[in-house]
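The whole structure should be built from the sequences, with the hints applied where relevant.
Chain by chain, the residues run as shown.
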Amino acid sequence: MAALLVYSERVDTACELVAGGKELAAALGLGVSAVALGPGAGAAASALAAAGADSVYVSEDAAFEGWPADAVAAGLAQIVEQAGASVVLVGSTRRGKETAPRLAQKLGAGCVSDVSSLVVEDGDLVAGRYAFGGATVAREKLVTAVKVFAVMPKTFDAEGASAGAGTVVSPALSVSTAVKVVDHRAKEGDHVNLDAAPLIVGVGRGFNAREDLALGDELAAALGAVVGCTKSLADFEWLGEDRIIGLSGAKTAPDLYLSVGVSGQIQHTVGVSAAKLIAAVNKDKEAPIFALADYGIVGDLYEVLPALTERLKSV
Amino acid sequence: MDIVVCVKTNPDLQMVRIKNREAVTEAVPYKIGDLEKNALQAAVDLRAAAGGKVTALCLAESNRKAAEDIKVALAMGADEAVVIDDPALAAPDQAAIAAVLAAAVKKIGACDLLLFGEGSSDNYTGQVGARVAELLGLPQIGYARKVEAADGAVRCERSMDDMIETLEAPLPAAVTVVSEINEPTIPGLMQIMKAKSKPLQVWALADLGLGAPAPVREIVSNLAEEQDRKNILFEGTVAEQADAFVNALIKEGVLGR
Ligand SMILES: Cc1cc2nc3c(=O)[nH]c(=O)nc-3n(C[C@H](O)[C@H](O)[C@H](O)COP(=O)(O)OP(=O)(O)OC[C@H]3O[C@@H](n4cnc5c(N)ncnc54)[C@H](O)[C@@H]3O)c2cc1C
Ligand SMILES: Nc1ncnc2c1ncn2[C@@H]1O[C@H](COP(=O)(O)O)[C@@H](O)[C@H]1O
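If you read the sequences in order, they're chains A and B.
Just so we're aligned, residue 283 is where the first sequence starts under the numbering used here, counting upward by one.
Just so we're aligned, residue 51 is where the second sequence starts under the numbering used here, counting upward by one.
Treat each hint with caution, since some may be false.
Claimed, not checked - Selected chain B positions facing chain A (Cβ under 10 Å, derived; list incomplete): (1) S112; (2) R181; (3) I242; (4) K280.
Calculated from the structure, these hints are not laboratory results.
If you're wondering where the values come from, they're calculated on a predicted model, not measured in any experiment.
From the three backbone atoms N, C-alpha and C, an ideal C-beta is built for every residue, glycine too.
Set out below in structure tokens:
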């Protein structure tokens with residue numbers, strides 16, 4: 283049977299894609315195969331088989347260490363051929379996002395990246411992704427024989443997976459990479475999960491100095507909220523990248539998003555458009571964030587935040 | 051070291067308005083994308099260290115004034131610019147863009163390093179750099195936030211989802227950059243004047259020996275998500291506004307659950 287092939291270097295993301303891929307494959311009359319590459323792929327393969335993949339292609343070839351895009355794309359292209367795959371779902375992590383188009387180019391395939399929704403309509407896959415920096419959602423179809431989709435993590439729920447016992451295949455692959463990993467280190471801690479947070483305070487460049495973010499922390503503490511930020515603050519390394527909200531960060535859906543000193547450019551607000559309530563503190567009455575807000579306070583955050591924190595403490 | 055920077059111009063997103071859920075781009079001026087400015091700056095910095103030439107390469111897409119807009123890249127320090135403008139390329143997909151850019155890089159000839167933005171400001175697909183690298187058989191390093199070149203190799207530091215890596219690839223290679231890599235300098239009047247006399251070529255598809263590309267995708271729709279917000283601005287002193295806001299949150303059931 284022709285296959286829908288799933289790959290991500292992250293096992294959790296790959297399992298989500300297997301779960302989501304199963305439903306799509308059923309509608310398209312395809313089987314689901316998963317791929318695990320690199321040292322330690324054997325362990326990932328059992329998880330993928332258990333998550334419901336009909337077969338899992340595994341290779342621990344040393345060329346896959348660090349998942350270099352050239353080697354992974356070459357390996358995946360060979361597996362696509364062996365598995366007779368017509369659809370490939372790659373997790374749209376940074377690694378996945380740089381690999382999927384290279385794979386597509388090898389296969390003469392179309393590719394949609396940063397896919398935030400994927401459905402079958404009239405027998406064809408339709409992928410949703412943000413366009414115009416996030417102002418619109420483009421719904422795209424691919425017209426090539428093989429179709430590659432780089433799908434955002436958390437697009438599908440891993441829970442939906444039916445437990446299975448897929449067969450494990452060890453394909454013969456010819457792969458190499460021209461890229462050498464000279465050094466690598468894990469990112470420093472401070473991991474937050476904005477996706478699941480019911481209340482979020484988002485901080486932006488309205489703060490003049492890193493120390494001043496304490497005002498935002500105090501407000502968040504009084505609300506019981508998690509702190510997220512604009513990309514600008516992560517670029518300054520005032521906060522970690524996993525706090526970025528927006529096009530290149532988290533797409534959140536909290537009950538309340540309260541932005542402070544955030545202008546509200548589309549690449550940021552796309553990450554909060556699903557919030558039930560949006561509120562904003564900004565000293566500029568014309569800031570675009572107010573057009574998107576349910577509640578707005580026009581004022582200097584250095585005056586507003588202490589007052590707001592004080593008032594919240596009395597609730 | 052000869053560097054080619056792929057520079058896209060896109061409608062100024064700050065000026066794109068949504069009307070009936072559609073993005074209105076008519077009469078919106080184009081500008082060079084933010085990340086491409088970072089890539090240009092990185093090229094100019096590398097040239098300062100290693101010598102060589104920087105060429106800005108732009109596929110006009112539907113920007114009829116691309117050859118004018120690309121002069122900003124020349125003012126920022128590129129030595130030469132090449133614009134590809136052809137009616138058959140008004141709305142190309144990423145496969146088509148990559149095929150044209152790869153052919154143009156071959157025609158330009160000398161290229162030790164090919165630089166891209168991590169994503170373009172409007173599409174942000176991140177596809178073009180990887181596709182061009184594959185077409186030209188080059189090693190690729192994505193998301194560079196530091197780039198150095200020496201002894202026939204490029205060395206980049208990059209920040210991935212969970213780790214910071216330093217990677218090295220032999221030249222020629224393709225690298226995509228993130229915004230942290232540098233702060234692009236804004237050209238002064240002198241540079242803008244000087245840019246006017248720098249070489250700028252405009253090519254059509256035929257100059258690259260290519261025909262109109264076959265599309266790989268079809269856009270079913272492209273609409274803004276519907277947003278319905280209350281747009282209430284509080285009034286009064288800071289304390290009064292804080293009070294009104296907190297009361298609203300209580301009423302909404304967000305607080306005091
Ligand atoms: C391809 C691409 C992807 C991107 N992805 C993202 C993304 O995922 N997430 C993201 O956030 N950005 C992203 N960006 C960047 C985005 O375009 C904006 O540059 C960024 O969101 C702006 O951050 P900001 O609101 O903190 O800063 P600014 O736009 O500088 O806004 C600061 C605001 O603070 C207000 N202010 C100043 N002082 C005070 C004060 N004392 N009190 C109250 N208010 C004050 C100002 O009025 C202003 O409105 C992306 C850009 C590109 C090109
Ligand atoms: N029309 C174009 N002309 C020149 N370079 C482009 C063009 N489109 C994309 N690029 C390059 O490819 C990068 C990624 O674009 P994208 O794949 O659209 O996210 C951009 O940052 C540019 O460096």
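Hint by hint, here is what the structure shows:
no.: 1; hint: S112; result: violated, 14 Å
no.: 2; hint: R181; result: holds, 4 Å
no.: 3; hint: I242; result: violated, 27 Å
no.: 4; hint: K280; result: holds, 4 Å
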